[in-house]
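Student: Chain A is fixed; fit chain B onto it per the hints.
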Amino acid sequence: MASCSIEDVLAKAERDEAEKLKGITVNKELDLEFDPGNLLAFDKNRLDTREFKDNKREDFLRSLARDNTQLLINEMWKLPTERVEEIIVAKLPDPTTPFPREKPAPKPKPPTKWEQFAKLKGIQKKKKTNLVWDDVHKEWRRRWGYKRAKDDTKEWLIEVPENADPSEDQFAKRNKAKKERVAKNEYNRLKNIARAQKINVPGMGLAPTPRQSKAELAQAVNVAKISTASVGKFQDNLPKEKTPKNTGKRRKFQPLIGDFGSEKQKQLELLKVMDSKKPRLDITKAVNKQMREEDRESAHKRKQGFGKKGRRGNMSGKGKGKGKCPSVDCCQIHKASLVKQSQYKYPTPMGRNIGHS
Amino acid sequence: MRPLTDEETKTMFEKLSKYIGENIRLLIDRPDGTYCFRLHNDRVYYMSERILKLATNISRDKLVSVGTCFGKFTKTQKFRLHITALDFLAPYAKFKVWVKPGSEQSFLYGNHIMKSGLGRITENTAQYQGVVVYSMADVPLGFGVAAKTTQECRMVDPMSIVVFHQADIGEYIRSEDTLT
Numbered sequence: 001m002a003s004c005s006i007e008d009v010l011a012k013a014e015r016d017e018a019e020k021l022k023g024i025t026v027n028k029e030l031d032l033e034f035d036p037g038n039l040l041a042f043d044k045n046r047l048d049t050r051e052f053k054d055n056k057r058e059d060f061l062r063s064l065a066r067d068n069t070q071l072l073i074n075e076m077w078k079l080p081t082e083r084v085e086e087i088i089v090a091k092l093p094d095p096t097t098p099f100p101r102e103k104p105a106p107k108p109k110p111p112t113k114w115e116q117f118a119k120l121k122g123i124q125k126k127k128k129t130n131l132v133w134d135d136v137h138k139e140w141r142r143r144w145g146y147k148r149a150k151d152d153t154k155e156w157l158i159e160v161p162e163n164a165d166p167s168e169d170q171f172a173k174r175n176k177a178k179k180e181r182v183a184k185n186e187y188n189r190l191k192n193i194a195r196a197q198k199i200n201v202p203g204m205g206l207a208p209t210p211r212q213s214k215a216e217l218a219q220a221v222n223v224a225k226i227s228t229a230s231v232g233k234f235q236d237n238l239p240k241e242k243t244p245k246n247t248g249k250r251r252k253f254q255p256l257i258g259d260f261g262s263e264k265q266k267q268l269e270l271l272k273v274m275d276s277k278k279p280r281l282d283i284t285k286a287v288n289k290q291m292r293e294e295d296r297e298s299a300h301k302r303k304q305g306f307g308k309k310g311r312r313g314n315m316s317g318k319g320k321g322k323g324k325c326p327s328v329d330c331c332q333i334h335k336a337s338l339v340k341q342s343q344y345k346y347p348t349p350m351g352r353n354i355g356h357s
Numbered sequence: 001m002r003p004l005t006d007e008e009t010k011t012m013f014e015k016l017s018k019y020i021g022e023n024i025r026l027l028i029d030r031p032d033g034t035y036c037f038r039l040h041n042d043r044v045y046y047m048s049e050r051i052l053k054l055a056t057n058i059s060r061d062k063l064v065s066v067g068t069c070f071g072k073f074t075k076t077q078k079f080r081l082h083i084t085a086l087d088f089l090a091p092y093a094k095f096k097v098w099v100k101p102g103s104e105q106s107f108l109y110g111n112h113i114m115k116s117g118l119g120r121i122t123e124n125t126a127q128y129q130g131v132v133v134y135s136m137a138d139v140p141l142g143f144g145v146a147a148k149t150t151q152e153c154r155m156v157d158p159m160s161i162v163v164f165h166q167a168d169i170g171e172y173i174r175s176e177d178t179l180t
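Heads up: the protein sequence lines correspond to chains A and B, in order.
Under full-length UniProt numbering, read the first sequence as residues 1 to 357, first letter to last.
Under full-length UniProt numbering, read the second sequence as residues 1 to 180, first letter to last.
Okay, chain A solo, but in the shape it has when bound (with noise of 0.2 Å):
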């Protein structure tokens, strides 16, 4: 007996052996196609669909991921491996599958003022070399940047022009040229970017005119007063300056005479909506229409009840000429009237008759 619990403990003992090592070699019909640098693998094999459909689905599903892990796990053994901090990791190569984007392709940018008129002019992009030779310094320099060719910067000596005033800081005329140069620069810059982007950016308010009228003035005072962060909401008056009340957008109208079937369209498509938006079942309406029919019910037997008494007194107090009765037949004149109002004339627009017949 005891042999026999031992003979089986072994052989249970060689079985799940046996399972472990079955465990790392996987038989598949069809090799698996893998992508180390995703860490992926196709698995084309035909799926055996008499299993998917049973109740082992869970099971089935199960092994066929640890099948295809497997495989996969094997795969990723057979790299290149490197120790990083005393970790055994694998170089994983370059991802050979195509994914597709993340996010949208970037829109074209509108062509910027000088793209504009050099595709205009067909002026071709001319390469320029990277060095360029400089006499001076009798060797080839960058064409700008730190320690450029031709550096007007370093120069120690500016002849004075002729016509220029002898008193006149040259040096500091050239150094105030370059800055104006490098503002207008940017200034273009931001204008090609606002026209990408479409916004609206107020023009400037003086023009470079000698002389400027009197509402441009105006209008560059407008302007500078609102360029503030809180968009001149802040700014103190000037004296004798009244802040104009009429900012904001003005509204614009419908013409007068415009399209009338447009006009009745849009009203009637108004309506629709307005119908559309009120609840299709009135709670209260429901909750009182209950009540009326349980009050008619109790009503009529009320008046069959006292009815063979002959009491007609506690009734009166129920339908004291409210064109209510118990029966149902009221509501039937009611509704004959209410078709015969129907049938009412619309009114002329002459004849406005105070008075009704």
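If you are wondering where the hints come from, they were derived from the structure by calculation, not from laboratory data.
Fair warning: this is a prediction, and the values are worked out from it, not measured in the lab.
Treat the hints with care, as some may be off.
[Unchecked claim] Here chain A is said to cover these stretches of chain B; the calculated rule only asks that three of the stretch's residues, wherever they fall, bring their Cβ under 8 Å from a Cβ of chain A: (1) 2-13; (2) 17-24; (3) 32-45; (4) 102-114.
[Stated by the list, open to error] Computed beta-carbon distance windows for the label pairs: (5) 114/A with 77/B: 50 to 58 Å; (6) 274/A with 59/B: 29 to 37 Å; (7) 7/B with 196/A: 35 to 43 Å.
For every residue, glycine included, the Cβ atom is placed at its ideal position computed from N, Cα and C.
Tutor: Just chain B, lined up with the frame of chain A:
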């Protein structure tokens, strides 16, 4: 004079639909001609296209009234219905109230209708529903708002108000100056 904007049209239709419900489309879409709403000095006028074209020849400050005045927009853009709209709304009214001959005059002086003066009321009237007030001879007298549902009307005491007064034809005499 100008056409109504979308918001103004919406406010006005909401007010009108309280009295005539979905019959507004019968005012907009009429088989016997194109009629339209126009705004002049905060008042809404309903007129045929022919009258509108004739009215364009009158300058804004000299123009007093065109067609029928339905009501006016208050300073806070709320729409107030005037009695002059009665002729157009009475035939399409969904909920009606008939007033006894005794309290007809009281209503025409601008008072609310009490239960003692109530002759008939249509079934299913909800509370605060817009109603058209008639005399017992089926003459439209004005507008009102139902203060109680038809059910409640039966059960309350005779001195409680059942219809709030909104407009009545006595206003033609009382407020002759302000009506256009």
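Student: Determine for every hint whether it applies to the structure shown.
Tutor: Going down the list of hints, with the structure as the test:
1. Remark: the segment 2-13 of chain B is confirmed as covered by chain A, as 7 of its residues place a Cβ nearer than 8 Å to a Cβ of that chain, reaching the required three.
2. Coverage of a stretch by a chain is defined here by at least three residues with a beta carbon nearer than 8 Å to that chain's beta carbons; for the segment 17-24 of chain B and chain A the count is 3, and the condition holds.
3. Counting residues of the segment 32-45 of chain B whose CB falls under 8 Å from any CB of chain A gives 4; the rule of at least 3 is met.
4. Counting residues of the segment 102-114 of chain B whose beta-carbon sits less than 8 Å from any beta-carbon of chain A gives 0, not enough to reach three: the coverage restraint is violated.
5. As the Cβ distance of residue 114/A to residue 77/B is approximately 52 Å, the hint placing it in 50 to 58 Å holds.
6. Checked against the hint of 29 to 37 Å, the C-beta distance between residue 274/A and residue 59/B comes to roughly 36 Å, which is consistent with it.
7. Distance hint check for residue 7/B and residue 196/A: the Cβ-Cβ separation is about 36 Å, which falls inside the suggested range of 35 to 43 Å.
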